[in-house]
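Keeping the supplied structure of chain A fixed, place chain B upon it in accordance with the hints.
Residue numbers (my numbering), protein chains in the order written: chain A, 1 to 299; chain B, 1 to 299.
Hints may contain errors.
To be verified - Short derived list, chain A residues pointing at chain B, Cβ under 10 Å:
{"#": "1", "residue": "Gly53"}
{"#": "2", "residue": "Pro181"}
{"#": "3", "residue": "Tyr185"}
{"#": "4", "residue": "Ile259"}
{"#": "5", "residue": "Ala270"}
{"#": "6", "residue": "Ala272"}
{"#": "7", "residue": "Ile274"}
{"#": "8", "residue": "Ala278"}
{"#": "9", "residue": "Leu281"}
{"#": "10", "residue": "Arg282"}
{"#": "11", "residue": "Gly285"}
{"#": "12", "residue": "Val291"}
{"#": "13", "residue": "Glu293"}
{"#": "14", "residue": "Arg295"}
As the list claims (entries may be wrong) - Listed below are several chain A residues computed to face chain B (Cβ distance under 10 Å; list not exhaustive):
{"#": "15", "residue": "Ile187"}
{"#": "16", "residue": "Asn188"}
{"#": "17", "residue": "Ala242"}
{"#": "18", "residue": "Glu263"}
{"#": "19", "residue": "Glu271"}
{"#": "20", "residue": "Asp275"}
{"#": "21", "residue": "Gln290"}
To be verified - Beyond 12 Å from chain A on every Cβ pair, some chain B residues (computed):
{"#": "22", "residue": "Lys60"}
{"#": "23", "residue": "Pro83"}
{"#": "24", "residue": "Glu128"}
{"#": "25", "residue": "Asp134"}
{"#": "26", "residue": "Leu217"}
These are calculated hints, taken from the structure and not from any lab test.
For glycine and all other residues, C-beta sits at the position ideal for the given N, C-alpha and C.
2 protein chains.
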Amino acid sequence: MGRLIECVPNFSEGRRKKVVERIVESITLVKGIRVLDCSCDAAHNRSVVTFVGEPEAVKKAAFGAVKTAAKLINMERHRGEHPRIGAADVVPLIPLSGTTMEQCVILARELGAEIAEKLKIPVYLYEEAAFSADRRNLAAVRRGEYEGLKKAMELPARRPDFGPSRPHPTAGATAVGARPPLIAYNINLDSSDLQIARAIARSIRGSSGGYPGVKALGIFIEESATAQVTINLCNYREISLAQLFERVKGEAALRGVGIGSSEIVGLVPAEALIDTAAAYLRLQGFHPGQVLEKRMAEE
Amino acid sequence: MGRLIECVPNFSEGRRKKVVERIVESITLVKGIRVLDCSCDAAHNRSVVTFVGEPEAVKKAAFGAVKTAAKLINMERHRGEHPRIGAADVVPLIPLSGTTMEQCVILARELGAEIAEKLKIPVYLYEEAAFSADRRNLAAVRRGEYEGLKKAMELPARRPDFGPSRPHPTAGATAVGARPPLIAYNINLDSSDLQIARAIARSIRGSSGGYPGVKALGIFIEESATAQVTINLCNYREISLAQLFERVKGEAALRGVGIGSSEIVGLVPAEALIDTAAAYLRLQGFHPGQVLEKRMAEE
Numbered sequence: 001m002g003r004l005i006e007c008v009p010n011f012s013e014g015r016r017k018k019v020v021e022r023i024v025e026s027i028t029l030v031k032g033i034r035v036l037d038c039s040c041d042a043a044h045n046r047s048v049v050t051f052v053g054e055p056e057a058v059k060k061a062a063f064g065a066v067k068t069a070a071k072l073i074n075m076e077r078h079r080g081e082h083p084r085i086g087a088a089d090v091v092p093l094i095p096l097s098g099t100t101m102e103q104c105v106i107l108a109r110e111l112g113a114e115i116a117e118k119l120k121i122p123v124y125l126y127e128e129a130a131f132s133a134d135r136r137n138l139a140a141v142r143r144g145e146y147e148g149l150k151k152a153m154e155l156p157a158r159r160p161d162f163g164p165s166r167p168h169p170t171a172g173a174t175a176v177g178a179r180p181p182l183i184a185y186n187i188n189l190d191s192s193d194l195q196i197a198r199a200i201a202r203s204i205r206g207s208s209g210g211y212p213g214v215k216a217l218g219i220f221i222e223e224s225a226t227a228q229v230t231i232n233l234c235n236y237r238e239i240s241l242a243q244l245f246e247r248v249k250g251e252a253a254l255r256g257v258g259i260g261s262s263e264i265v266g267l268v269p270a271e272a273l274i275d276t277a278a279a280y281l282r283l284q285g286f287h288p289g290q291v292l293e294k295r296m297a298e299e
Numbered sequence: 001m002g003r004l005i006e007c008v009p010n011f012s013e014g015r016r017k018k019v020v021e022r023i024v025e026s027i028t029l030v031k032g033i034r035v036l037d038c039s040c041d042a043a044h045n046r047s048v049v050t051f052v053g054e055p056e057a058v059k060k061a062a063f064g065a066v067k068t069a070a071k072l073i074n075m076e077r078h079r080g081e082h083p084r085i086g087a088a089d090v091v092p093l094i095p096l097s098g099t100t101m102e103q104c105v106i107l108a109r110e111l112g113a114e115i116a117e118k119l120k121i122p123v124y125l126y127e128e129a130a131f132s133a134d135r136r137n138l139a140a141v142r143r144g145e146y147e148g149l150k151k152a153m154e155l156p157a158r159r160p161d162f163g164p165s166r167p168h169p170t171a172g173a174t175a176v177g178a179r180p181p182l183i184a185y186n187i188n189l190d191s192s193d194l195q196i197a198r199a200i201a202r203s204i205r206g207s208s209g210g211y212p213g214v215k216a217l218g219i220f221i222e223e224s225a226t227a228q229v230t231i232n233l234c235n236y237r238e239i240s241l242a243q244l245f246e247r248v249k250g251e252a253a254l255r256g257v258g259i260g261s262s263e264i265v266g267l268v269p270a271e272a273l274i275d276t277a278a279a280y281l282r283l284q285g286f287h288p289g290q291v292l293e294k295r296m297a298e299e
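The shape of chain A in the complex, shown without the other chains (with noise of 0.2 Å):
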């Protein structure tokens, strides 16, 4: 368990479980590596798995998994709101503990010739493991959907990265990448006031100027009447949990409100809370080897 990657791959039916069943099995079958889970949306008709494993693992099971959904999803009869280019629509790699950004994508782009040589289905390299600019940006790679791709194709800039350059008649096309874990983080207002929420959201995002790699936005909570920083940490390595939760408590004591509590929606690193830890106890010359689960697992 030294090594880890997450894998969260989005699959083109959410309705028919049987289906959903299969590809979890193909995943699951591959030794080392833990289903953490799995959600169908019907009104979507999309499934998203959630595993985690060692490198090469991981790999294994992603394959497995976009032939199975390939053999079982056909995209000419595909209906649904989110858009999509394939049966397997996209499969993103995350960096956990004891693996690096870098190793996600150099694994993404392996992932990618291997799926376009032995299934035969267009791959589309994104976010970090793009080899263009232009190429980062999920919409962009996934513009016209599976209806729309087949004619896109034809343009040379909508050439895929690897296999032919045509969608794969029944599977469509699949879009890997890597990218940063993501913390869902939110904080508790000690108010109702929407407003004030909304303000310390668009001062803390980055697309307005705040932290780079943090999506935040002001919400009202119904059930217990308290307005709320609903918080997408991407890059926890840069800009810790303490850090955000000691700008949100600063923003919201300028405005005359408190902190309530906070709470981490899902699965969260490890190394996001010992880094918090160490920041709030003023940790001098701690390293992580020092930590006995991670000691542990060091080879």
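Below, chain B alone, put in the same frame as chain A:
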């Protein structure tokens, strides 16, 4: 790596490196065990090994080490400052992530019974594993040391918990116990005033009415010319590093002094830092299963 137990056995040999190496070999032989540290003290003629693994593997490795020590160390010839009763002098088991003190107590008693039965070495159970209150204190168990043991063991009060009621002719006796993990934690004051560090140490340590399970001293660090509160935290599950840090910060403030930094000496269980982050972030509804690495370790 879901269920970790730490074992820190002490052996009555700190001069013949070959002997210590053979003992460590018998530990590393066991699958799934990692030796994290091994320190020999020639003056005390004693060595301390730190290793970690899952319960059954730890029991197996500990037994192997005691057996090897009994084979290679002759207490009739042993001289050394440190109090000791046998070749394998003490074998403490410590619960880490995913294990409880109760499990360590059971494991210690199983290990003690096995050592007595198969190696014919009398075994005393101490600290949490002790059958009676008067055996909890290791010093009481070791009273008289190896040299006085034969005579002492004639007294009913000194009968071992397992095995023969006389010392093993060359290996003596062994104390097997279970104790909480210990975090060595130092907090550096923004001051060179040793008296303030001492006053703060008094205010937090259990022996003078502070936190139970907390040992603390005020000392002066020459190199940095700062006063330091040096702490042994023996129950981080009851008192978090966050509580200790904030309490010391408060006590220091009352004396007009701030906190410079803090440091963790040696190893720390991830849990202790994760709990600290959760406390500072005021996390609500947080459970360890949200930590990716923990989720990975779950079976």
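Hints and how they fare:
no., hint, in the structure
1, Gly53, "holds (8 Å)"
2, Pro181, "holds (8 Å)"
3, Tyr185, "holds (9 Å)"
4, Ile259, "holds (7 Å)"
5, Ala270, "holds (5 Å)"
6, Ala272, "holds (8 Å)"
7, Ile274, "holds (5 Å)"
8, Ala278, "holds (7 Å)"
9, Leu281, "holds (5 Å)"
10, Arg282, "holds (5 Å)"
11, Gly285, "holds (6 Å)"
12, Val291, "holds (5 Å)"
13, Glu293, "holds (5 Å)"
14, Arg295, "holds (6 Å)"
15, Ile187, "holds (9 Å)"
16, Asn188, "holds (8 Å)"
17, Ala242, "holds (7 Å)"
18, Glu263, "holds (5 Å)"
19, Glu271, "holds (9 Å)"
20, Asp275, "holds (8 Å)"
21, Gln290, "holds (6 Å)"
22, Lys60, "holds (17 Å)"
23, Pro83, "holds (28 Å)"
24, Glu128, "holds (20 Å)"
25, Asp134, "holds (32 Å)"
26, Leu217, "holds (19 Å)"
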